[in-house]
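K.L.:
One-letter residues, chain by chain:
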Amino acid sequence: MTTIALGATEIRKSYGSVRANQGISLSVGPGEIHAIVGENGAGKSTLMRVLQGIERPDSGHVTVMDRDVSFAGPAEALAEGIGMVHQEFMLAPDLSLLENLVLGDEPVKWGRGAFALIDWKAAEMQGRELAERIGIEVDWHRRAGAAPVHIQQFVEIIRLLRRGTRILILDEPTAVLAPQQVNELFDLLRRIREDGTAILFISHKIGEVTALADRVTVIRQGKLAFSAAVAETSGKEIASHIVDGANPVIDETKPGSPGEIVLDVRNLSADSVEKSHPLNSISLAVLAGEIVGLAGIAGNGQAELMEALCGLRSATGQVELAGKDMTGLDADRRREAGIGYISADRRHEGLAIEASIEENTIAGSHRTGPISNGIWVSRKAMKNVALERLKQLSVKYGTLRDPVGSLSGGNQQRVVFAREIAGSPQLLLVSQPTRGVDLNGIAAIHSILRDFRDAGGAVLLVSEELDELQLLSDRIVVMAEGRIVGALGADADRREIGRLMVMEGAGA
Amino acid sequence: MSTWLNRGVGFAVPLLIAFLVSAVVLLAIGENPLDTFSLMLTEGFGSPRRFASTLSAATPLLFTAVGTAICFRAGVFNVGVDGAFLIGGLAAVVAGFSLPAGLGWALVPICLTIAAVFGAAWLFIPGWLLAKLQVDEVVSTLMLNFIALAITGYLVNGPFLSRQSGNNVTPPVHEAAELSRLMPPATLHSGFLMALVVLVAYAFWTRRTPAGLEGAWVGLNRRFSRVVGVSVERTIILAMVLSGVVGGLGGAAHGLGQLHRFTDGFSAGYGFTGMAVALLAHNSPLGMLIGAVLFGALASAGTTIQLFSDIPLDLVNIIQGIVMIFAVIELGRITIRRRAKA
Chain A
0 MTTIALGATE IRKSYGSVRA NQGISLSVGP GEIHAIVGEN GAGKSTLMRV
50 LQGIERPDSG HVTVMDRDVS FAGPAEALAE GIGMVHQEFM LAPDLSLLEN
100 LVLGDEPVKW GRGAFALIDW KAAEMQGREL AERIGIEVDW HRRAGAAPVH
150 IQQFVEIIRL LRRGTRILIL DEPTAVLAPQ QVNELFDLLR RIREDGTAIL
200 FISHKIGEVT ALADRVTVIR QGKLAFSAAV AETSGKEIAS HIVDGANPVI
250 DETKPGSPGE IVLDVRNLSA DSVEKSHPLN SISLAVLAGE IVGLAGIAGN
300 GQAELMEALC GLRSATGQVE LAGKDMTGLD ADRRREAGIG YISADRRHEG
350 LAIEASIEEN TIAGSHRTGP ISNGIWVSRK AMKNVALERL KQLSVKYGTL
400 RDPVGSLSGG NQQRVVFARE IAGSPQLLLV SQPTRGVDLN GIAAIHSILR
450 DFRDAGGAVL LVSEELDELQ LLSDRIVVMA EGRIVGALGA DADRREIGRL
500 MVMEGAGA
Chain B
0 MSTWLNRGVG FAVPLLIAFL VSAVVLLAIG ENPLDTFSLM LTEGFGSPRR
50 FASTLSAATP LLFTAVGTAI CFRAGVFNVG VDGAFLIGGL AAVVAGFSLP
100 AGLGWALVPI CLTIAAVFGA AWLFIPGWLL AKLQVDEVVS TLMLNFIALA
150 ITGYLVNGPF LSRQSGNNVT PPVHEAAELS RLMPPATLHS GFLMALVVLV
200 AYAFWTRRTP AGLEGAWVGL NRRFSRVVGV SVERTIILAM VLSGVVGGLG
250 GAAHGLGQLH RFTDGFSAGY GFTGMAVALL AHNSPLGMLI GAVLFGALAS
300 AGTTIQLFSD IPLDLVNIIQ GIVMIFAVIE LGRITIRRRA KA
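Top to bottom, those sequences are chains A and B. By numbering that gives the first Met the number 0, the letter at position 430 of the first sequence is numbered 429, and the numbering carries on one by one without gaps. By numbering that gives the first Met the number 0, the letter at position 27 of the second sequence is numbered 26, and the numbering carries on one by one without gaps.
In short, the hints are calculated from the structure, not lab data. Ideal Cβ placement from N, Cα and C applies to all residues, glycine included. Incorrect hints may appear among the rest.
To be verified - Facing chain A, from chain B, some residues (calculated, C-beta under 8 angstroms):
# : residue
1 : T205
2 : R207
3 : T208
4 : P209
5 : L212
6 : A215
7 : R222
8 : R225
9 : V227
Claimed, not checked - Result set (SDA-like, lysine to any residue): computed pairs, CA atoms no more than 20 angstroms apart in a straight line:
#  : chain 1 : residue 1 : chain 2 : residue 2
10 : A       : K390      : A       : D331
11 : A       : K108      : A       : D93
12 : A       : K222      : A       : K390
13 : A       : K204      : A       : T232
14 : B       : K131      : A       : E463
15 : A       : K382      : B       : R207
16 : A       : K382      : B       : A202
17 : A       : K222      : A       : D437
18 : A       : K204      : A       : A442
19 : B       : K131      : A       : D331
20 : A       : K222      : A       : H60
21 : A       : K382      : B       : F203
22 : A       : K379      : B       : R207
23 : A       : K204      : A       : E463
24 : A       : K120      : A       : D104
25 : A       : K395      : A       : H445
26 : A       : K395      : A       : I441
27 : A       : K379      : B       : A202
28 : A       : K379      : B       : F203
29 : B       : K131      : A       : R18
30 : A       : K222      : A       : D194
31 : A       : K120      : A       : R161
32 : A       : K204      : A       : H445
33 : A       : K379      : A       : S407
34 : A       : K204      : A       : L465
35 : A       : K222      : A       : L465
36 : A       : K204      : A       : E193
37 : B       : K131      : A       : L311
38 : A       : K222      : A       : K382
39 : A       : K395      : A       : R346
Please model the complete structure; the sequences and the hints are all you need to start from.
P.N.:
Right, here's the structure in full:
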């Protein structure tokens, strides 16, 4: 009997001076779900790349079905039955789900090679059988791009099973799902486990790990920090290992004290980018001294709403900031009027990643005093302003001239906050503020947001982490398909929020 | 400082390889490479007069390199500085012979201003097209080069043809419109000093003005620029217009200082050599100064070297060509980065 479906022994892998994996060993048996947790940059992705044959380890070896193997490339890993479900799904959006299922390995009725005729009946039979076996229903003739996200994910899993995958690796599969869909996915995974499939489950949500996994392994700074059967440990213990023994800073929760209306949006509508929903007559208000959380599954218009509010996307409808009409103003004018924006895409929008820390910290204030008199820029004033702002948010950095990309995720995000808060805006639009930030950095960013609110600022917060939204927000507004479908208190039941999140946008 | 080292390497490696290849070529045709190279060195830098000739050849390259760098650092792929150079050159020369000579000392600044305005207007067109209609600037500026070549070619063979020479040239500019020679009889003229001023102004602009900072941000990351309130459209158009001003001034300096008239074949590919200089220098002012002088030395040494040896002029072309290959590699790298961002 097989005892190790997929194993890694003493894997070491370095990229230049970065030692991404420093002797990591782990194994998953048939019919076992093994969760791998760790902060961003801990070395999870490198390990997965080694297991999939994308990277060759510097030393150490990989075991598949009790045999030592050495992959020359990802195709060999696939042939050994190792399949990976990525965060970004790999389906062709314009093909039907059935076409996606058989793509690359079509059942053939007649002929061969370029002259083969595909047996669609057999294909559909196979699809139905597999779907039935893991207990889901799929409309196989639907266009992949139009199918709900969780169905796309299921099809991707089914496709791997059909190709003979015995070892399934899932990279943060729940990031794009609503709570109910997460439950469906977990049920599905449990059924696959019963068939004897080994599952590696990468996550950073401890609640999911304890709910689903049989075993958990914590990776920290390229090393194995902790490994135990889930039944013999606790969420708290896992968390403490993720952050190196120290207890993560615990947020204290204190509600805000809302005042006057700062942001007043009426009937805002906008076009969509691909895959996402347009904004459909959005009306909402944010008061001074409160954080309004915007909940929703990714891609339901939250990003578009934020962009429309800060003037980066053209929209129809009315936007008022503290009684002043912002409708039709460009981003620079809205910024002057007192709207700050923390972009969800830190590396491509929030920061100019190759530019210096200094320039990233002062950008936007470079045309006015004290940095500029309108004609010239004073490098000295620029430096002083940057030092001051960075100090205020206790950003850790080498020198001001280092590229901002050299900082850790948490410090990068602090630079963004340092820049956006410096002008004392009345309203802060905050999108995914803690994505890719370590646990202590998250606590720091939460307290920055609370301080801003307590000083009378208004915050509109978008986050895919429902926990974070509930922790920070004074009120929660739910978006689905480009509409606002409900408003709740911060202490609302998660299931209620989840129910609204998957609602077809039938209007509030 | 490591960045200085980097900038130095930008030229050192291509030059070294270029000289190695030419050494092989020279050996193959039975010449002593060391003798040839030392002759080139003497011809390029050996005496004040030779050095003046080198600087004179470097002058148009300085202008076109700076003109290119202004756009490249803002992520605007303007290859049309050559066109602005032609248009500005012709405008300055026409003003220089058709305005009354009695204007005296005022003639030069007037001609320069006219050239700057024409150059600016010329590149405003692709700038506006890019900013407002997303018309690819590589295509539009490249096409505008041909248009500039055709327009100036027509004018210099038609309406502005000199009756005296009748040989594809305009009449000479008034003496008052000529830029002064710095060390006669060498052709080095005050246009070189203008080029240095432009270079320093560029260095200052990039680091010490709001618009200069914005140029770099737009080049690095357009979405970021929008978020911090920078108008990407305005920055693109400004970069193009400034590039046109510098290109136009370069043409004016060449026309008023070097040739004293406009001829068919006014620009010997200065726009493209200048682009290579800007690329290899990574838009750094000091790097562009070094690069322009090196290319200038090659050009000036090449023309005289065949007087004193059996070495054909083609040797200089080989060296230049190899350095150019590296510039093209750099260009390719930028293109790939640009595509990855789009």
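K.L.:
For each hint given before, does the structure comply? Return the numbers of the non-compliant ones in rising order.
P.N.:
1, 10, 11, 12, 14, 29, 30, 33, 35, 36, 38
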